[in-house]
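Protein chains: 2
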Amino acid sequence: MISVIAKAKVAKVASIKMSALTTELKNRALKAIAENIWREREKILEANQRDLFAAKSLAAKGRYSEPFVRRLKLDKGKLRNIVDMISSVEALEEPVGKTEYAIELDESLELYRVTSPIGVIGVIFESRPDVLPQIAALCLKSGNATIMKGGSEAKNSIQGLYSVISKATKNAGVPEGWIQLLHDRSEVRELLKLDNFVDLIVPRGSNSFVKYIQSNTKIPVLGHSEGVCHIYVDVKADLKKAVEICYDSKVQYPSVCNAVDALLIHREIAERFLPLVSDRYGKAGVEIRGCKESVKILKNRAKQATANDWGTEYLDLIVAIKIVDSLDEAIDFINAHSSHHTDAIVTEDVNTASRFVRETDSSSVICNASTRFSDGYRYGLGAEVGISTGKIHARGPTGLEGLTIYKYYLIGSGQIVRDYVGTDSKKFTHCRLSKNWNDKMKEMSKRD
Amino acid sequence: MISVIAKAKVAKVASIKMSALTTELKNRALKAIAENIWREREKILEANQRDLFAAKSLAAKGRYSEPFVRRLKLDKGKLRNIVDMISSVEALEEPVGKTEYAIELDESLELYRVTSPIGVIGVIFESRPDVLPQIAALCLKSGNATIMKGGSEAKNSIQGLYSVISKATKNAGVPEGWIQLLHDRSEVRELLKLDNFVDLIVPRGSNSFVKYIQSNTKIPVLGHSEGVCHIYVDVKADLKKAVEICYDSKVQYPSVCNAVDALLIHREIAERFLPLVSDRYGKAGVEIRGCKESVKILKNRAKQATANDWGTEYLDLIVAIKIVDSLDEAIDFINAHSSHHTDAIVTEDVNTASRFVRETDSSSVICNASTRFSDGYRYGLGAEVGISTGKIHARGPTGLEGLTIYKYYLIGSGQIVRDYVGTDSKKFTHCRLSKNWNDKMKEMSKRD
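Those protein sequence lines, which keep their order, are chains A and B. So for the first sequence, this note's numbering puts the first residue at 3; every next one is plus one. So for the second sequence, this note's numbering puts the first residue at 3; every next one is plus one.
Treat the hints loosely; a few may be bogus.
Because identical chains share one entry, a pair is satisfied inside a single copy or across any pair of copies.
Distance condition first, Cα-Cα at most 25 Å in a straight line; then the derived DSS-like pairs of lysine-lysine [claimed, not checked]:
id	residue 1	residue 2
1	Lys238	Lys444
2	Lys437	Lys100
3	Lys243	Lys442
4	Lys238	Lys19
5	Lys243	Lys428
6	Lys195	Lys220
7	Lys285	Lys243
8	Lys448	Lys238
9	Lys213	Lys195
10	Lys448	Lys243
11	Lys429	Lys220
12	Lys19	Lys442
13	Lys444	Lys243
14	Lys33	Lys298
By construction, these hints were calculated from the structure, which means they are not laboratory data.
Produce the entire structure from the sequences given, and follow the hints as far as they go.
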């Protein structure tokens, strides 16, 4: 078996060549991946059947839950979605080689800041085998090499998808070794130590899984730990809108990170609002855990919340409710208990809305809409690398941009720093250039 | 004494308020810092004298080096520079509240991605007390709270500068507690554990110091570990330019991170080039450590390099020289031995230049100019937070931008996700908006 470090070295070498691939070649390779996944669909589904068979027998013994087995399952519809997703990545704007900043330092001494791939991306995911083609497509489009490890329960499906992608991209001219697969957990532990070769780790899975990764590596991690989301219903809220938003944010899909966990209700509207929202929730079987005062209003329609309820991600039909005295109290409470993923306000007052969105320290702050909108596809970012609750590099729903960084290119004609130091020295012009890096390249080759 | 966690909590609360400060207030506070530092200059210099006195007696015992003591020293000229630097930060464009992306998801459902401060920045620095006002000014301008710890050898100077800044900003209306000072090393260890309160660590100091910080915290670190810089002199180089560039890159200021450490010389020009460059270096007392073949050419003008020389940051008048066969060999060698800070090529061939800048995996890649240009001031970025050799968030010389991130603001009018799911559902328009967040705020307040 090839060691993890050997794989990482190969990926590093490939990553350098990846950074120079043309848009045409990358798109051709993406097309080939999509075509080959569809052509080999029976083989992939057969491999998936083997994983499912094993998982179901473990589920019968209570080792796996039903939703876990559901996430593992592939079918023609899911493969069609994968193929469509890859085509949508192909259609995205080229993320590499964009000029972000161009400035003349002095005559014939020009600086360009140009977007570039990050290098080698480690991707560790659980259960859902469709993460592999999704992140592979995003890494390829952004010119990054990748080392992937999926859940062992999906090992046949993952090997099948990996083989197809690896072969298709090799034939299309992508440097061999740009995509690498790890097979067991001990290899992940090795990978997390390779900060000289791996530039970014993207973990996709449960909260505890992401936390484990974050605590066990020096490599930067792009991921979200959890989604503890709040809605503050302001004194100036349109209560009809508020009921619908609170309902949708909880009930439309309760087991995901952008579902709401706690409502904060302004005291002055609590008596009117709480019965309305609890009626709506009641029909969907939502359990309400209220603060003392809200329980006084809701009586037997709510349980008493405990200290543990604040700051908890339920991923279930449960919601906590707390009465607050002011916008300030709401903002302070959210900043103290939110996971800084998505928080919302319902209000018709623009000053209140403006203060709330500015002072709430979350990656997505929503006014008068459901928390469930917080997602890369709905935000128009295309396929999603993940949702980041970090505050460095990428925050919130993260598309292709999260897999790129930039480099500075300084093109001179023999300049040295000594000439720019001291009295009577040459002066920097620091004059913004209107041309970009591609223009500069063309200009240089003409001069040749 | 106040505990580190208590200080961090205060800083966190202040950071929320900082994010809503107006440009006017921030600039007024910066002006007040500059004025007060100048007004209190005698007091600050007196405090610095006490540090210097103690440091000199330790230097006499061999505990501190001369350059170390020099970096510690403040005088009127240095204070003037600090005051000028603060004014230049005041003059920079407001980094917070810029709209990076604005898109309509559907009618009256608009998404804005707006730049925001990161939160609480931990700054740990050695020896040079002028780091404190520099980073304080950058944090204030970008709306971040900061917790700082300087070297114990500069404790009186730092306390003096901190008192002036803290008082001046309080009077100008900046939230109290936005700037906090730590006093000893055990407090730094505490700080590095507070990933719930501190969003970014900026270490400024030696290589081993930065590595220590990186290895001892889960908080993201913005810093550079070291600068191992190369120049590749291509077969198509203008040798006259090459000599001047190699000389300036080494001799103009040898003890800094962007000074060159190793030259790679194309075989076909080695016999002509090596005597020229070694003559120039010889006059400045630069020691040359050559590969076998370059020693054959240079004879007693070069020592034999050992394996340890490749990938070493000398910070001194020493340069390693290696003969290579091709551009590919040069790129591979650099990618294997560089610290990915700054590497350069000298060539008149545009295709060679183009491949070199793309495939060299360094934050600054320079063509036909000195490596010493790689610096925030020369790059026109204004005052520098630091130089990052990381590939996430910020890379290379990092200005104010490195202290900001963004937030998503989604402004709706009661929309819920259920309406956008399934067949016959509402469709997202995903249409780019030409207005920005400030326009939207104005529009909303008019409607009121």
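Cross-check of the supplied hints:
1. Lys238 - Lys444: Between. Shortest inter-copy distance 19 Å satisfies the 25 Å Cα cut-off; intra-copy 58 Å does not.
2. Lys437 - Lys100: both (12 Å within a copy, 23 Å between copies)
3. Lys243 - Lys442: Result: close only across copies, 21 Å inter versus 54 Å intra.
4. Lys238 - Lys19: between (57 Å within a copy, 23 Å between copies)
5. Lys243 - Lys428: between (64 Å within a copy, 18 Å between copies)
6. Lys195 - Lys220: Intra 7 Å, inter 14 Å, cutoff 25 Å: intra and inter.
7. Lys285 - Lys243: Only inside one copy: lysine 285 and lysine 243 sit 18 Å apart there, 79 Å across copies, limit 25 Å.
8. Lys448 - Lys238: Cα proximity of lysine 448 and lysine 238: across copies only (17 Å, versus 64 Å in one copy).
9. Lys213 - Lys195: Result: close both inside a copy and across copies, 16 Å intra and 15 Å inter.
10. Lys448 - Lys243: Between. Shortest inter-copy distance 21 Å satisfies the 25 Å Cα cut-off; intra-copy 62 Å does not.
11. Lys429 - Lys220: The answer is neither: 41 Å in one copy and 42 Å across copies each exceed 25 Å.
12. Lys19 - Lys442: within (22 Å within a copy, 44 Å between copies)
13. Lys444 - Lys243: between (56 Å within a copy, 23 Å between copies)
14. Lys33 - Lys298: neither (60 Å within a copy, 53 Å between copies)
Going through the hint list in order, the structure does not satisfy hints 11 and 14.
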